[in-house]
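A.B. asks: The primary structure of each chain is shown beneath.
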Amino acid sequence: EAAVTQSPRSKVAVTGGKVTLSCHQTNNHDYMYWYRQDTGHGLRLIHYSYVADSTEKGDIPDGYKASRPSQENFSLILELASLSQTAVYFCASSGTEVFFGKGTRLTVV
Amino acid sequence: AQKVTQTQTSISVVEKTTVTMDCVYETRDSSYFLFWYKQTASGEIVFLIRQDSYKKENATVGHYSLNFQKPKSSIGLIITATQIEDSAVYFCAMREVDRGSALGRLHFGAGTQLIVIP
Chain A
580 EAAVTQSPRS KVAVTGGKVT LSCHQTNNHD YMYWYRQDTG HGLRLIHYSY
630 VADSTEKGDI PDGYKASRPS QENFSLILEL ASLSQTAVYF CASSGTEVFF
680 GKGTRLTVV
Chain B
8 AQKVTQTQTS ISVVEKTTVT MDCVYETRDS SYFLFWYKQT ASGEIVFLIR
58 QDSYKKENAT VGHYSLNFQK PKSSIGLIIT ATQIEDSAVY FCAMREVDRG
108 SALGRLHFGA GTQLIVIP
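Chains A and B supply the protein sequences, listed in that same order.
Number 683 in our numbering belongs to position 104 of the first sequence; there are no gaps in the numbering.
Number 111 in our numbering belongs to position 104 of the second sequence; there are no gaps in the numbering.
Because the hints were derived from the structure by calculation, they are not lab data.
Every residue, glycine too, gets a C-beta built ideally from N, C-alpha and C.
Incorrect hints may have been included.
Said to hold, decoys possible - Across the chosen pairs, the derived CB separations fall in these ranges:
(1) B/K79 to A/R588: 37 to 47 Å
(2) A/T665 to B/E64: 38 to 48 Å
(3) A/G642 to B/D36: 21 to 31 Å
(4) A/T584 to B/S37: 33 to 43 Å
(5) A/K681 to B/V68: 19 to 29 Å
(6) A/N607 to B/V53: 18 to 28 Å
(7) A/D617 to B/R35: 25 to 35 Å
(8) A/V593 to B/G69: 40 to 50 Å
(9) A/G595 to B/I91: 42 to 52 Å
Unchecked claim - Here are the simulated lysine-lysine pairs, DSBU-like style, with alpha carbons at most 30 Å apart:
(10) A/K681 to B/K10
(11) B/K63 to B/K10
(12) A/K636 to B/K10
Between the sequences and the hints, there should be enough to build the whole structure, so can you do that?
C.D. replies: Put into structure tokens, the structure is as follows:
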């Protein structure tokens with residue numbers, strides 16, 4: 580069964596601090612994505628990757644970095660977390676269909 | 008420019024009736040893929056159904072079906088015999104071609120909240 584695992588599932592971070600969100604997939608998929616969802620809104624693409632050691636900017640990359648050290652792992656990094664980055668973050672992997680993780684609720688205070 | 012648009016923010020229907028959710032998209036690609044996803048109350052995002060642009064026949068999976076109108080760049084989701092558990096937020100999505108591959112980035116609409124009333 581397709582599996583995308585995100586960690587942590589919930590995090591409270593301090594403004595200006597560094598935050599790393601991790602994602603692991605066991606689907607053998609080349610593509611991985613990080614999306615952001617704000618309350619009552621749809622999903623916006625932050626970064627994505629189609630091969631290890633390479634990442635691409637999505638629609639809202641500012642304030643975020645991404646890292647893809649292996650096919651299975653894809654991280655989202657907030658070097659200097661800000662209040663505006665409070666949101667739910669979803670990781671996904673894809674072959675023909677896209678499979679999502681359960682999300683990480685990030686609160687920046 | 009917004010690539011996927013869902014204009015219905017919320018729909019309420021009575022249980023066991025049929026509901027249609029609208030979605031329009033923009034693309035310059037001749038070949039693309041369209042999807043509908045459901046986000047449950049727990050936040051989980053679940054794949055429902057897919058339409059390949061080169062297929063004329065509307066996709067059907069269980070009590071979900073699509074109304075694909077390519078000239079109008081429209082992909083409606085139809086749920087027949089709605090159940091209480093169908094209450095959720097439904098997202099339309101389009102997959103671009105990336106680097107010549109069909110496995111490109113996925114663009115989402117803003118979502119439609121469906122409320123099924125007993």
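A.B. asks: With reference to the structure, classify each hint as holding or not holding.
C.D. replies: Okay, the hints, checked on the actual structure:
1. B/K79 to A/R588: 37 to 47 Å: 40 Å, holds
2. A/T665 to B/E64: 38 to 48 Å: 44 Å, holds
3. A/G642 to B/D36: 21 to 31 Å: At 29 Å between Cβs, range holds.
4. A/T584 to B/S37: 33 to 43 Å: 36 Å, holds
5. A/K681 to B/V68: 19 to 29 Å: 23 Å, holds
6. A/N607 to B/V53: 18 to 28 Å: Holds - the Cβ-Cβ distance for A/N607 and B/V53, about 21 Å, lies within 18 to 28 Å.
7. A/D617 to B/R35: 25 to 35 Å: Since the Cβ atoms of A/D617 and B/R35 sit about 28 Å apart, the hinted range of 25 to 35 Å holds.
8. A/V593 to B/G69: 40 to 50 Å: 46 Å, holds
9. A/G595 to B/I91: 42 to 52 Å: 45 Å, holds
10. A/K681 to B/K10: Holds, at roughly 25 Å.
11. B/K63 to B/K10: 22 Å, holds
12. A/K636 to B/K10: 17 Å, holds
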